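Undergrad: The chain contents come next:
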Amino acid sequence: MPKSQIVEPARERKTGILSFGEIPLNQYKQDIVREKQALGSEALLGIYEDMLLIREFENMLQSIKTQGSFQGIEYDHKGPAHLSIGQEASAVGQAFLLGVDDHIFGSHRSHGEILAKGMSAVRKLDDESLMEIMTSFLGGDCFRAVEKEGSGTVRNLARDFLLYGSLAEIFGRENGFNRGLGGSMHAFFPPFGILPNNAIVGGSADIAMGAALFKKINRKPGIVISNVGDASMGCGPTWEAMNFASMRQFHELWDESRRGGLPILFNFMNNFYGMGGQTAGETMAFDFLARVGAGVNPQMMHAERIDGYNPLAVVDAIKRKKTLLERGEGPVLLETITYRFSGHSPSDASSYRLKEEIEAWQAIDPLHAYAEELIDAGLLTEDRIGEAQADVTEAMTKACRLASDLRVSPRLQSEKIGDLMFSGRRKESYDSTHESELLLSAEENPRVLALAKKSRAGVVDGKPVSKNKVFQYRDAIFEAVFHRFQKDSTLVAYGEENRDWGGAFACYRGLTESLPYHRLFNSPISEAAIVGSAVGYALEGGRALVELMYCDFMGRAGDEIFNQLAKWQSMSACILEMPVVLRVSVGSKYGAQHSQDWSAIVSHIPGLQVVFPSTPYDAKGMLNTALAGTDPVIFFESQRLYDLGELFEKEVPSKYYEIPFGPPAQRRVGKDITLITVGATLYRALEAADILEQNYEMTCDLFDCRSLNPLDYDLLIESVRKTGKVLLSSDACERGSVMQDIASNISQLAFDHLDAPPVVVGSRNWITPCAEVESDFFPQPSWILDAIHDRIIPLDGHRMTTNPTTGELLRRQRAGI
Amino acid sequence: MAVPIIMPRQGQSVESCILTEWKVSIGDEVSEGEVLAVIETDKASFDLESTSSGQVLALFWEEEDDVPVLANVAVIGTEGENWEEFRPPKSGSGETPIAGEDKDSSPQEVSLVTEESRTPEPGELSNGIGIAAGISPRARKLADRMAISIEDLQGTGPGGRIIERDIRSFAKKRPRLSPVAAVMARENAMNPPFRGSGLAGMALGSDMRRPGAIEGAEVEPVRGIRKVIAERMMKSLSSTAQLTLHSFFELTAVQVLRKQRLEEGKPKVSINDLIAHGLLEAIQAHPEMNAHFLGDKMAIFEKVHLGVAVDTPRGLMVPVVRNASDLSLEDLSGTIGKAALQCREGSLSPDDLTGGSFTLTNLGMLGVETFTPVLNAPEVAILGVGGIVLRPKRLDSGEIVFADFLPLSLTIDHQAVDGSPAARFLQTLVDHMEKNPGGKLSQPKEPQP
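So the protein lines, in turn, are chains E and H.
Okay, so the first sequence: first residue is 1 according to the working numbering, each after it adds one.
Okay, so the second sequence: first residue is 818 according to the working numbering, each after it adds one.
This is chain E alone, in the form it adopts within the complex:
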């Protein structure tokens, strides 16, 4: 516990010099005879064959992209192809020793890594396992396409399968490894330990770190490699991931049985260019990329530069680093230098580098250099090279022919993408073979005991129960979380101040007593790594509950939420599940960067479920639902609500229950107007509803839009058809808020029934002012009444205090405010 870690002034203020150790550069000494003895001749030849296969694959794509044909097969590939010609040795050398339990995550330039890791698995798995994988993957769709023309051994068939599955994926075909939904930059194949590649530079770093976190926490075998490029060192999330993976708590605070660093290798494939920007000389400061390791932890991340032009140097490095990682001494930083002969993409004319530079690297082309070494060692002949070349060309031609043929390889009907946006399953636990580890049983948990004394109803005998005695919204969060912690041994929760503090808003108070460190811990203030690691944790097979203390911090985790969390289920054709719940607390009183409701932003992103419960009953029921599902859920909470008791349901049940996502909750039943709110605005709308009833004899249907995506409009439309009038309000800034979207849909779904246009009352399109004048910014009951009076139905005798006129609306829009 941090209280055990005293920050001693004497130590911190001591004079001294901090020194760093040495970082090896290309220390591997080639000895082919020794390697032959250690690895065997076949293995050394296999390395050559795999490099040749990758070269052929990339040359084929180069030919398709630039000439529209390969070996007489004409095809127009419109999508991307970021080729790794020249980088084959680094990929094959890395994959050589890895087993299928060792997982690699890649980049946009990872075709070579996929094939290398795939061939490594093909060489290691027995025939039975290979057949089982091939015939069961995607229901055998991919296998059937190659099976008919299958030749020779199961291993040959598996190679055909790997080539075809990868290429069909790149060509966007239904038989591709990911149904064609991933494509070149996102292709992967989990059964061979190939996890997603990533089109976002550095995108794999924090995801891979999360996968390593899963392996460590759930004691799974194998290591995780994050393959990113040298340019990724310019990305914040990469640094966040390296720091997160190196946290001292792994060594200082976690249980004895799980002590030690994460089993992750941050491998930087350094080809010296990020697109056209030269990293070492132009866009970075490191000079030698491996230097960065020295800045991260006392172990300097065991950083090293290795020669990725020599496959055996890479094999050697992976062997040593894997051992380190398995001993719990991770993380490791590896700089694997290499060079791409081809441009960033086929449209790149390499105008930023000299022809002489390319030629100099081509002169030592690892494919030829390695072949010569083998010839010199008597392991390879020119004839054998010719045979091997003919073999890979034949295999590649077949794969290309099958993958480009629309009869063999149709495209997925686009409409089916909709069915693949969410996995939509329910899982009690992601590892039913293990009991959940608890330090203190639920019966003994101090908070559970305290809650037993609270009133689970917010109103008793018509009077509201005092805050000290009522079961609050934050308690509902606690109950749902604690329930799932007891059911699912893979569940972890982390974020900023999640453990001893009990969360900034005391939702987790009491969890510390029951949960070991590895299930509930404080993360660094690294929002990108918090969300990114949760993504990796889920992709690897666990359930993660992570938290952003303020909604405003979502910006820090933008890519991780928008591109990673949201997309991996669909980009994998739901082969992968994403059981991640991201709790996001919407603030107030803390000004412009701590008070924003950004529900619209995540609602806009396909692939996310978005909910915003506003009562304790809903908070518990919906968090239960989220934590039992398989889809990513953005779970909004409001800091205005944490201390509220239940005012609508009779009480918050102590037993487990789930509230399905979709239908809004009806808080009032009336006949004259429909009010729709999101989040804490509900309570101000209730005040407005009371005034409408008392002063203007109007009764309201009041809906709490607790689920924003999915959203079941049936109840809303039924109500609007009845009342003909609808006003929507939320604390989000009015322009572009999710309310506008709902209003627009209502206009279309109930047009003929509308007696006035749907009116949206949101916060002003300003920054949030100081707490004392927040009522000038967030919607108030009077704003709602004024808007009704002016735009929907004049209220007899009503005096407006705001200016909701359409003229003012025009003015504001024109002014951009």
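Heads up, simulated SDA-like pairs for lysine to any residue below, C-alpha to C-alpha not over 25 angstroms straight-line: (1) Lys722(E) / Arg991(H); (2) Lys722(E) / Lys990(H); (3) Lys722(E) / Lys989(H); (4) Lys990(H) / Glu697(E); (5) Lys722(E) / Ser995(H); (6) Lys722(E) / Thr973(H); (7) Lys1210(H) / Leu1074(H); (8) Lys989(H) / Met698(E); (9) Lys990(H) / Leu795(E); (10) Lys454(E) / Ala504(E); (11) Lys958(H) / Pro794(E); (12) Lys722(E) / Asp961(H); (13) Lys958(H) / Met698(E); (14) Lys989(H) / Glu693(E); (15) Lys671(E) / Arg993(H); (16) Lys671(E) / Gln971(H); (17) Lys671(E) / Lys989(H); (18) Lys958(H) / Leu795(E); (19) Lys990(H) / Pro794(E); (20) Lys989(H) / Asp796(E); (21) Lys989(H) / Glu697(E); (22) Lys989(H) / Tyr696(E); (23) Lys989(H) / Leu795(E); (24) Lys990(H) / Asp796(E).
Here's a subset of chain H near chain E, in silico, CB distances under 7 angstroms, partners left out: (25) Ser953; (26) Pro954; (27) Arg955; (28) Lys958; (29) Pro975; (30) Ile980; (31) Glu981.
Calculated from the structure, these hints are not laboratory results.
Keep in mind that this is a model prediction, so the values were computed, not measured.
No residue lacks a Cβ here, since even glycine has one placed at the ideal position from N, Cα and C.
With chain E's structure known, arrange chain H on it following the hints.
TA: Here is chain H on its own, set in the frame of chain E:
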């Protein structure tokens, strides 16, 4: 002793008055009869006089407040007296009585409303009135279902938009419709009566009427010639100053002429033809009668283009005989006869119905004695001919005999022609018809100065 001043009742129907302006302040010394304030009703403005002398202790209302009559508005007394008992009860209409020292500590803080805060009228961007201000889809749908015509509705929604409640409130003012009636309303645009003949006043199909229908009457739309006539007549009466002069002429000479012509085998001419001819002759002596009055100018025609009113099944038509003053009696008779025939057959060219300078109309054959013709504006005169009447006349010998007379009614536009010239014109015509019908005007008269 403190005395309250009340808001006087300014008439039986007045319930409140606006307090427009205070003329005194708290602490002022006033005497009885001194003006305390100016008040006004919707009809007039009055001075509110003090009914007592002393110091102004309290003023209970602010300027522009709507004060109920008989409510206390102020208290007059001596300094230090308690006036609290006179404070009027707070009214429910939102006005905030103010009083003496309490003014500053008023909890209402109404004055805190900032300048920017304003109370715009609902729907500032009004689109117009009636249907022009828009109708909500819901109201339109409801109107359609209830078979209510939205054209004449006035909306009460923002900016005058017709909204659901406007349809419902309209529907309350008419009976429920039977299903058949509803279909008739929707599909044939028919309206129910104020109260239908079905149960509880429900309108049945048999009750449904065309829009504008009048009970017990067959209502025909006004269109075609009727519409033209209606417009012309209305315009004539509204744009001219019509005066009708009546006279008679003895028919004996005309009867003699017609008999003579018959014996001589000449073509038959009607009395009307002879009057038309006589008219043309008389106009030669009174050209100002053959004119158009055009507001700021007069057009006096050289020739007479005679309009002759003809009764046709489609309505009154007035074919014009162009250059009638050039025609002989026989030609005139023939032309009029032909035009009348064409009118009745409907074969007359529209061109022949315009461009007249003087009109002749005749109802004599229908038994009418005299009538007041309506001008065919912008012509300045029209002559109406009535039916033959038998009147006594005194012979030169003093003997009284009976003779046939024909009444003439000359309507003039008094804007263009005065009564005396018109009378002289009529006199000329009578004289001519009695002395030389069908012939030349014997004594052309110069218009009198």
